[in-house]
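Using the sequences plus the hints, can you model the full thing?
If you want the building blocks of each chain, they are given just below.
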Amino acid sequence: MSRRTIAVLALATFLLALVAGLGTETARAQGGPIKIGFLSPLTGAASALGKDMLNGTELYLDEIGRQVAGRKIELIVEDTEGNTQTALTKARKLVDQDHVHILSGGLLASTGYAIHPFAEAQKIPTTYPVMSSDDLTQRKPAKWVVRTGWNSSQSTHALGDWVIKNTKYRKVAAVAADYAFGWESVGGFQRTFEEGGGQIVQKVWIPLNTNDFAPFLSQVKRDADAVFAVFFGKLALQFMKEYESNGLRGRVPLLSNGTTVDESVLPQMGDEALGTISTLHYSAALENPTNQRFAKAFEAKAGKIPSYYAETCYTNARWITEAIKAVGGKVEDREALLVALRKVELKDFPRGPVKIDTFGNPVQNVYIRKVERVGGKLQNTVFFTYPNVSQFWKYNPEEFLKLPLYTRDYPPCKSC
Amino acid sequence: MTRRRPGMLVGVTVVAALAAGVAPWLPSYPLTLLTQAMIVAILAMSLDVLLGFTGLPSLGHAAYFGVAAYAVAILTTERQSGFVLCLIAGIVTAAVTAALFGLIAIRATGTYFLMITLALGMVVWGLAFRWVSLTKGDNGISGVPRPDLGLPWSLWGPLPFFYFSLACALVAILLLGLIVASPFGMSLKGIRESESRMRILGYNVWLHKYLAFIIAGTFAGFSGVLWAYYNGFVSPVDVQLVTSVEALLMVALGGPGTLLGPAAGAAIIVFLKNFVSVYTKRWLLILGAVYIGVILFAPRGLAGAFHRRSS
Amino acid sequence: MVSSEFWIIQTFNGLSYGALLFLLASGLSLIFGVMRVVNLAHGSYFMLGGYVGLSVVWRTGSFAAAVLAGAVAIGLIGIAMERLFLRRLPGQTLGQVLMTIGFALIFQDLALLIWGGDPYSIPVPRFLQGAVRAGALSFPTYRIFIIVVAVVVAALLWLALDRTRVGARIRAAVDDGEMAQGVGINVPTLSLAVFGLGACLAAAGGVIGGAFLGVYPGADFEVLPYAFVVVIVGGLGSLPGAMVGSLLVGLLDNFGKALFPELSYFTLFAPMALILALRPTGLFGRA
Chain E
5 MSRRTIAVLA
15 LATFLLALVA
25 GLGTETARAQ
35 GGPIKIGFLS
45 PLTGAASALG
55 KDMLNGTELY
65 LDEIGRQVAG
75 RKIELIVEDT
85 EGNTQTALTK
95 ARKLVDQDHV
105 HILSGGLLAS
115 TGYAIHPFAE
125 AQKIPTTYPV
135 MSSDDLTQRK
145 PAKWVVRTGW
155 NSSQSTHALG
165 DWVIKNTKYR
175 KVAAVAADYA
185 FGWESVGGFQ
195 RTFEEGGGQI
205 VQKVWIPLNT
215 NDFAPFLSQV
225 KRDADAVFAV
235 FFGKLALQFM
245 KEYESNGLRG
255 RVPLLSNGTT
265 VDESVLPQMG
275 DEALGTISTL
285 HYSAALENPT
295 NQRFAKAFEA
305 KAGKIPSYYA
315 ETCYTNARWI
325 TEAIKAVGGK
335 VEDREALLVA
345 LRKVELKDFP
355 RGPVKIDTFG
365 NPVQNVYIRK
375 VERVGGKLQN
385 TVFFTYPNVS
395 QFWKYNPEEF
405 LKLPLYTRDY
415 PPCKSC
Chain A
7 MTRRRPGMLV
17 GVTVVAALAA
27 GVAPWLPSYP
37 LTLLTQAMIV
47 AILAMSLDVL
57 LGFTGLPSLG
67 HAAYFGVAAY
77 AVAILTTERQ
87 SGFVLCLIAG
97 IVTAAVTAAL
107 FGLIAIRATG
117 TYFLMITLAL
127 GMVVWGLAFR
137 WVSLTKGDNG
147 ISGVPRPDLG
157 LPWSLWGPLP
167 FFYFSLACAL
177 VAILLLGLIV
187 ASPFGMSLKG
197 IRESESRMRI
207 LGYNVWLHKY
217 LAFIIAGTFA
227 GFSGVLWAYY
237 NGFVSPVDVQ
247 LVTSVEALLM
257 VALGGPGTLL
267 GPAAGAAIIV
277 FLKNFVSVYT
287 KRWLLILGAV
297 YIGVILFAPR
307 GLAGAFHRRS
317 S
Chain L
715 MVSSEFWIIQ
725 TFNGLSYGAL
735 LFLLASGLSL
745 IFGVMRVVNL
755 AHGSYFMLGG
765 YVGLSVVWRT
775 GSFAAAVLAG
785 AVAIGLIGIA
795 MERLFLRRLP
805 GQTLGQVLMT
815 IGFALIFQDL
825 ALLIWGGDPY
835 SIPVPRFLQG
845 AVRAGALSFP
855 TYRIFIIVVA
865 VVVAALLWLA
875 LDRTRVGARI
885 RAAVDDGEMA
895 QGVGINVPTL
905 SLAVFGLGAC
915 LAAAGGVIGG
925 AFLGVYPGAD
935 FEVLPYAFVV
945 VIVGGLGSLP
955 GAMVGSLLVG
965 LLDNFGKALF
975 PELSYFTLFA
985 PMALILALRP
995 TGLFGRA
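Chains as they are written, first to last, in my numbering: chain E, 5 to 420; chain A, 7 to 317; chain L, 715 to 1001.
Everything labelled a hint here was simulated from the structure, so no lab data went into it.
Please note that the accuracy of each hint is not assured.
[Stated by the list, open to error] Pairs of lysine-lysine, DSS-like flavour, derived with a Cα cap of 30 Å:
| id | chain 1 | residue 1 | chain 2 | residue 2 |
| --- | --- | --- | --- | --- |
| 1 | E | K76 | A | K287 |
| 2 | E | K39 | A | K279 |
| 3 | A | K287 | E | K305 |
| 4 | E | K39 | A | K287 |
| 5 | E | K147 | E | K359 |
| 6 | A | K279 | E | K127 |
Here the structure is a predicted model, which means the values were calculated and not measured.
Pasting the structure below:
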């Protein structure tokens, strides 16, 4: 054999040794710590949201001393880089190598759809605190997945209804991020709004990596009664600014979904956001005692007001521990744990009372909020509450599910 | 090259046998990483045909990888097509894309070639991102099932899928090895060394480069087909610039023009990324340092470093 | 829908976006022209400039100071990169690509470490806010400002290249580096200066652009393709090329998004591929 071959062999052996090292089995004895695997984007463009998710989770676990039902809780965090391929690899690592008892986290809708078959195949109890795609608990539910957060159209159904009943807006232009979350949020609003007699007169879809909003915003119909917007993160920040500089603010009132003015971006906004009416199952300004306490504790830990990402992961952690309590800490019985996860019903989460429907999605309050400046800071003041909103709004689930998923072209834009 | 081939052959056989032998005892996570390494190794080797053997640095190689992955994802989710059809469709899509882009790119050399391939890669990325009705845009296409080969073992299991990927990687090594050792491969190396000399000697340089471009694209497509099946998910991430650059890094790290070097480079990068990110959130810093370190300290890659010492 | 107002507004939008692209891409083009370096860290200069500007605005409240500080700080980083690293790789295209992408990854992570991942927007001085109205049309003042800045920068660059000794040397180095060296031009020093200037311009673009594009992680790789398209279309190393390329790309991108949203990137990249097929060196480039 030549030296070169030996070199190749040495390298290969090294790699295999590395692999074997990776595979070192960790003790799986009963009575060890309860392991929760948490997927979160800690690097890349979405890392600020990932940090909120992690802070929310840790805040709750610290409150209970990282212990439940007589067992220690070990949180194993993996970075998804905001990328579904990576999230899948890391999910495999958490389940196969770390032997977590529960898998949780995730940000992107595509991650949810990709983890669904994985959770089913591995039979691993899984919770989604953030991923909100409607079909994850509608037309493509997974037995092993429980959603502890919300679904995209849950709150926008409510807003459509509210606008009809409380305003004179009847012709609304939708301006939204061009991906499933935007489509579903707009679809929910459109359905209840049009059934109440309103008209969506335009749909402007804005690609996710848009950095100049002007070509899109200059198309928005100036004679619309209002604009309904769906954005998140830096897109939301830019949208608000550009809405003003393109001459729309003050001319066409602004309605939005929750993420557009979520507390993850609101502190970086200025007066341009004032007056925006939005809808979500949470607001950091909620006045119930649990939220007041949570918001204070979160600010102390993270140095910023809690976003919905923070709240939903705090709630998610509590949800999981409630289920663990219910099975007396015997998380090794996966079936029992799953049943317990689906039975959690509490009245005092920061977001309000929550129970779960048969499809695995929370039934919870939806709040109509308005951006106001209080004590020098912007906040989402809650001024109306829809109690116990289901993912199917007031429709019969069976009939609801016979209709297609909300997409770019459904419901069709009849008045465009 | 020809002289060294028996040694190489022995090396490949031993490594493959070693991997195949160890695999059943590995837990499934390292096994899936090994699988990933096999698939990405095919991509790196395909790029080596261009970069290492022909001297053409392509900055858009993810395009051919990606179009094949998309072809498989669309066919399996919309048409429930079987493995053979998907394999052929994926590879043909990649080859046709390469044939088309090659017409534009081959005219340029050096930096211009780099820029043009970058631009062409962007065209594919733009379509993946915005042609929503076909590609589902940024959401990506999920739910790609593992192929059913009519074997007694389901490829849903990590072990059978690993063996499947290993077999595919071996086929790719064999075919690519034959190509680069053939008279055609020799002419490619001649072009790499001196294009004008080859032209004077009467070789059709353009045609050689063009064929190399298509061959590289075709094998990248093969890799892309496997990648779609492996992840069960395809998105614009698969065709973005960073993916192309990562493939270049694998080749540079392993040693351009050695075929097996880039394969090893691919394995190292796959493990490094997944290994380091377990211990630190700052793995991007480390990956960045690896890029710079490779260029400064091992400009001819690991194979080059070994080779220098042994000769 | 497609009225004359539509054309006027969208042309204006395209021009102002093109003006910002010029700030970003002119440096990349010059760097390439003198040094033949494909700098994949150029988007990082844009992003880092924005972040530095943000910090300065927070401290001082001065927008002008932010632009200046961002440009100078990133210019120094550019100089350090050239002097300490890239100079070791003359003529190694692949090595330069991998090294600059390595820096881009490091810069991305450092920015995350220093400024966190939250998206921000750089506050604009009051006199640049609002819009200029002309009949039914309104033009954001800030976009007019960007156009003015780009025109001034372009004029200065042109004067410097065309009317000064240094400019003549740079042009000589672009045309033929070896020959320039041979007639006694200090090409390494020139390269250093050009690299620093290119980083400066990109960073200034980052601060100015940060006011309406935002400052956020990922901005680096989002603007990079645009810079490359401009340079490829205009021709590597050509200042008129960078000007025409920026305007063309700004307009193409804008009308592509407005008229054919499904194909918006295609309408940007396909004409570029076409130009390349016909003129591999771009509109103004020389082989």
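Under the criterion that the straight-line Cα-Cα distance not exceed 30 Å, is the pair A/K279, E/K127 satisfied? 27 Å, holds
Are the Cα positions of E/K76 and A/K287 separated by 30 Å at most? Judged against 30 Å, a Cα distance of about 24 Å means the pair holds.
Quick one, are E/K39 and A/K279 close enough, alpha carbons at most 30 Å? 23 Å, holds
Need the status of pair E/K39, A/K287: alpha-carbon distance at most 30 Å? Distance ~20 Å between E/K39 and A/K287 Cα, so the pair holds.
Under the criterion that the straight-line Cα-Cα distance not exceed 30 Å, is the pair A/K287, E/K305 satisfied? 20 Å, holds
Regarding the pair E/K147 and E/K359, is the alpha-carbon distance no greater than 30 Å? 17 Å, holds
When each numbered hint is compared with the structure, no violation occurs for any of them.
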